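Based on these hints, arrange chain B on the given structure of chain A.
Those sequence lines, one after another, are chains A and B. Following the working numbering, the numbering of the first sequence begins with 1 at its first residue and continues without gaps. Following the working numbering, the numbering of the second sequence begins with 493 at its first residue and continues without gaps.
Hints may contain errors.
Claimed, not checked - The list that follows gives simulated cross-link-like pairs (lysine to aspartate or glutamate, EDC-like), each with its CA atoms no further than 16 angstroms apart:
| hint | chain 1 | residue 1 | chain 2 | residue 2 |
| --- | --- | --- | --- | --- |
| 1 | A | 385 | B | 560 |
| 2 | B | 598 | A | 376 |
| 3 | B | 604 | A | 387 |
| 4 | A | 385 | B | 563 |
| 5 | B | 604 | B | 648 |
| 6 | B | 526 | B | 514 |
| 7 | B | 644 | B | 608 |
| 8 | B | 632 | B | 698 |
| 9 | B | 644 | B | 628 |
| 10 | A | 385 | B | 628 |
It is worth saying that the hints were derived from the structure and are not from the lab. Being a predicted model, the structure only gives us computed values, none of them experimental.
Here is what each chain is made of, one letter per residue.
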Amino acid sequence: MPIFWLIVILLALTACGYWFGRSRALASANGNPRELHSLPVYYGANVAMSIAIPALMTLAIWLLVQPMVIESRVSASLPSEVIPENTSIGLIMGDVRRLSDGLDEVVAQGFLDAKQALDLNSETTDIRATLGEVGVALGSDVRPEVLAAAQQYRQLSATGGRAMTLVCLFLALGGLVLSLRKTNKTFRARNVVERGILALLVLAASLAILTTVGIVFSMLFETINFFGLHAWRDFFFGTTWAPNFRGDSELSMLPLLWGTLYISAIALLVAVPVGLFAAIYLSEYAGSTVRSFAKPLLEILAGIPTIVYGLFALLTVGPLLLKLFGQGEEGLLGLTWMSGATSVLTAGVVMGIMLIPFVSSLSDDIINAVPQALRDGSLGLGATKSETIRQVVLPAALPGIVGAILLAASRAIGETMIVVMGAGAIAKFSANPFESMTTITTRVVSQLTGDTDFASPETLVAFALGLSLFVLTLGLNVLALYIVRKYREQYD
Amino acid sequence: MNTMNMLDKSLDTKTTKITARDVNVYYGDSHAIKDVNVEIDANTVTAFIGPSGCGKSTFLRCINRMNDTIDVCRVRGDILLDGEDIYDKRVDPVQLRAKVGMVFQKPNPFPKSIYDNVSYGPRIHGLSRNKAEMDDIVEKSLRRAAIWEEVKDRLDAPGTGLSGGQQQRLCIARAIATEPEVLLMDEPCSALDPIATAQVEELIDELRTNYSVVIVTHSMQQAARVSQKTAFFHLGNLVEFGPTGQIFTNPEDPRTESYITGRIG
Chain A
1 MPIFWLIVIL LALTACGYWF GRSRALASAN GNPRELHSLP VYYGANVAMS
51 IAIPALMTLA IWLLVQPMVI ESRVSASLPS EVIPENTSIG LIMGDVRRLS
101 DGLDEVVAQG FLDAKQALDL NSETTDIRAT LGEVGVALGS DVRPEVLAAA
151 QQYRQLSATG GRAMTLVCLF LALGGLVLSL RKTNKTFRAR NVVERGILAL
201 LVLAASLAIL TTVGIVFSML FETINFFGLH AWRDFFFGTT WAPNFRGDSE
251 LSMLPLLWGT LYISAIALLV AVPVGLFAAI YLSEYAGSTV RSFAKPLLEI
301 LAGIPTIVYG LFALLTVGPL LLKLFGQGEE GLLGLTWMSG ATSVLTAGVV
351 MGIMLIPFVS SLSDDIINAV PQALRDGSLG LGATKSETIR QVVLPAALPG
401 IVGAILLAAS RAIGETMIVV MGAGAIAKFS ANPFESMTTI TTRVVSQLTG
451 DTDFASPETL VAFALGLSLF VLTLGLNVLA LYIVRKYREQ YD
Chain B
493 MNTMNMLDKS LDTKTTKITA RDVNVYYGDS HAIKDVNVEI DANTVTAFIG
543 PSGCGKSTFL RCINRMNDTI DVCRVRGDIL LDGEDIYDKR VDPVQLRAKV
593 GMVFQKPNPF PKSIYDNVSY GPRIHGLSRN KAEMDDIVEK SLRRAAIWEE
643 VKDRLDAPGT GLSGGQQQRL CIARAIATEP EVLLMDEPCS ALDPIATAQV
693 EELIDELRTN YSVVIVTHSM QQAARVSQKT AFFHLGNLVE FGPTGQIFTN
743 PEDPRTESYI TGRIG
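If we strip away everything but chain A, and leave its shape as in the complex, we get (with noise of 0.2 angstroms):
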C-alpha cells in the first residue's frame, strides 16, 4: 500500500477516533457535560492522540530505518568479486537501487505482471532496453549478480512496507480500543491532552536545539578531516592564503580573518553613530507623527535583502568612492588612492548601511526602556535635554547599547554577499581601505561553488573557515549576552 493512502487512513481514524471518544464521554455522562471531568473535546482529543502519535511516529521512524536495514543486507549478501577495481561498494549499490526501483516501474506502468518481473534473467531479457522504455535509464547492462540483489531488494522493500502497514494499522486499533475503553466520565483527559501538549513544545525545543548540534558537528567532522589532510599550524598561523589544485596549497585563515575584521570595523564605524544617533533622535525628540512614519521607514531598511545591497555597492557607492579617492571620471579630488571600484571601503560603508536600521531599531527599544522617572529626575534639576540623554538615559541604557552593537557585528562578520560585490577576491593583510581584500565567508562560498572533490583540502577548509566563524559570532554573542546580563540595571 503506498505511503500516502496509510496516512489518509491514519488520519481518517484519527478523526473517527475523536468523534467517538468524545460521544462516548458524553454517553458515559448520560448527554449531560457538567458531569465530565474534563470538556468532551479533551476526551475526543485524548483518543485522536493515542491513534495518531504512536502509529504516526512508527511510520516516520520505520521510513528512516528500513532503507539502511535492507541496504546493509543487501549489500553484505552481494560477492566480492562484483565489485570492480577503482569503484566502491556505493556505486554498486547505487546500480542496485536504480534497477529495483526501475523494476517497481516496469510494473506499476503494465509492462511487465509482478510475476515475470520476478523470473527476469539478464540472459535472456535485455533489462536495460524494458526499463529505458519506462524512462529509466541505467549506465551499464545489467549484470547477474546485480540484478539478483536488485531482486532481493524489491523483496525486502515490499515485505518491509506489508509489515510498516499492518504494524501502523495495529498500533492505530490499539490505540483507539485502548483509549476508548479508558473514557468514561471520571477519566481526566484533560490532564492527559495537557501532557501531550507539553511533550509537543518539548520536541519543537529540543529540535531546534539538537538542529544547532548537529550543524555544529557535521562541520566538526570535516573540519578533523581537513586537518588530517592540512597542517593546522599553516590554517591557524600561516599568512598566505593561496588556493591552487596541485596540492601544495598555502591556506591560512589569517589573511581572510584580517579582511572580515577590517570590513566589519568600517561598518561598524558608519552603522553605530548613525543608528543610535537615529535612535536617540526617534525616541527623544520626535514627535509621535514623525516617528509613526520614520521608524517603519528606518526598518524598510532592514527587509531589503543584503543583494540588493551588493548591487548598491557594485554600482553605486564603489564607482562613486572610485571617483573621490581615485582616477575614475578623472577624480574629482586628483588622488590615486584608489584603484578599482571594489574595496574594503566600499563594502565597509555598504554593510554600515545595512546595519543601520539594526542598530537603531534596538537601541530605540532599549532607550524606550529607560524609566521615564529617570529622565523626569534629570530634567527637574535643571538639565537640558541633551545633557540628559548623554549624562542619565544613555549611560542607563548602555550595556543594552554595546549588546545591540555586538549583535550587529556579529551579523557583519557572518555577511556575504555584499563582500562579494564590493570587496573583491583578493586575500591580503593591508592596512589600506582603499584595497580589495576578501572575508571568510566570500571564501566558503567560492571553495565550495563549482567543481569540487570533497576530498582536498581545498574544499574542506570551507568547513574550517566556516566553524571558525561559527566559534567567532557565537562567542560575540555571548559577550553581548553577558554584557547585557550583568550590567542590565534593575529599574524595579
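Then chain B, alone, in the frame of chain A:
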C-alpha cells in the same frame, strides 16, 4: 492629631515666593486645573492635599514647568516666582528648574554612584570650580539630607543599591545640591516605610530654614505634621487655602471638612 501642637506652629508673616493667578491646565480636552489662585510664602512648608486626580500634582509640576515635557498639556494663567512670570517666553525652563528643584514620588536615583548622583546638578550648572569644592557640596548636601553618616564610606557605590528610604533621601540631597530656592516634593514618602517617612519629615522641617517647600501628600497626618500652610484641592479646584492649623481644625468649606474627616476622597 494634637490640635494644640498644630496651633502652636509659628506663622510669622513672610515674603511671598510664588504667586499663582487664575491658573488653568488642560490635558488635551480634559480640564485638570480650574482657576487656581495661591500664594506660597518663602521659608514655609506648604502642603497640597486632596483626593487622587484632583490636580495637586499637576499644579505642583506647573511650578517648575515639568509639564512642558508632556505634549498634550497646556497651561494658562500666570505663575510668578519672585514677581517674574515663569511662563514668559524669555524664561528658560532649564534655568527655572535649577531654581525650583523637585523630588518625585518614587525614588529615582540615577544608575550612577552616590557621589555622581549628588554632584550631577552642580556639575551641569557649573557650581564648583574644582574637585575639592565639589566634594564639599556633595558632603554638605548629603549631611543636610540626613544620609551622610550612612553613605560616607561608600560614595562610589551605585545609588540604586540603597534602600528605598535612603534612595529618597539621596534624591533630596541631589535636589538641594543645586541650591534651589523652592523645593517641590510630589508625595515624597508614599514609597517609604514609617521610619524612613519620619526621617524625611524631619528633614523637610529642617529644609524650611533655607527653602520654600511645597509638598503634595495623601497623608493628612503628614500634612498636619510638616506644613504651616495647607491647600485643599478637589476636582481641579482649589477649595481652601490657609494656615494648616485652621484647615484641620476649623475649615470654612464643607468639602474640606468632609475630606479631612474621611467622608469624601
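* Within 16 angstroms, alpha carbon to alpha carbon, are residue 526/B and residue 514/B? -> 8 angstroms, holds
* Below or equal to 16 angstroms on CA atoms is what counts here, so check residue 604/B against residue 648/B. => Within the cut-off at roughly 9 angstroms; holds.
* To do: Decide if the proposed pair is consistent with the structure: residue 385/A and residue 628/B, CA atoms, cutoff 16 angstroms inclusive.
  => It is violated: about 27 angstroms lies between the C-alpha atoms, which goes past 16 angstroms.
* Asked: For the pair supplied as a hint, residue 598/B and residue 376/A, is the alpha-carbon distance within the 16 angstroms limit?
  -> Answer holds: residue 598/B to residue 376/A is near 11 angstroms, not above 16 angstroms.
* Within 16 angstroms, alpha carbon to alpha carbon, are residue 644/B and residue 608/B? -> Cα-Cα ~13 angstroms, so holds.
* Could you grab the alpha-carbon distance between residue 385/A and residue 560/B and see if it respects the 16 angstroms cut-off? => 12 angstroms, holds
* Asked: Do the alpha carbons of residue 385/A and residue 563/B lie within 16 angstroms of each other, as the hint requires?
  -> Satisfied, since the Cα-Cα distance of roughly 15 angstroms is no more than 16 angstroms.
* residue 632/B paired with residue 698/B [C-alpha distance capped at 16 angstroms] -> Holds - the C-alpha atoms of residue 698/B and residue 632/B are around 14 angstroms apart, at most 16 angstroms.
* Asked: If you draw a straight line from the CA of residue 644/B to the CA of residue 628/B, is it 16 angstroms or shorter?
  -> 12 angstroms, holds
* Keeping to a limit of 16 angstroms between CA atoms, is the pair of residue 604/B and residue 387/A held or broken? -> With a Cα-Cα distance of about 15 angstroms, the restraint between residue 604/B and residue 387/A holds, given a limit of 16 angstroms.
Violation of the numbered hints given earlier is confined to hint 10; every other hint is satisfied by the structure.
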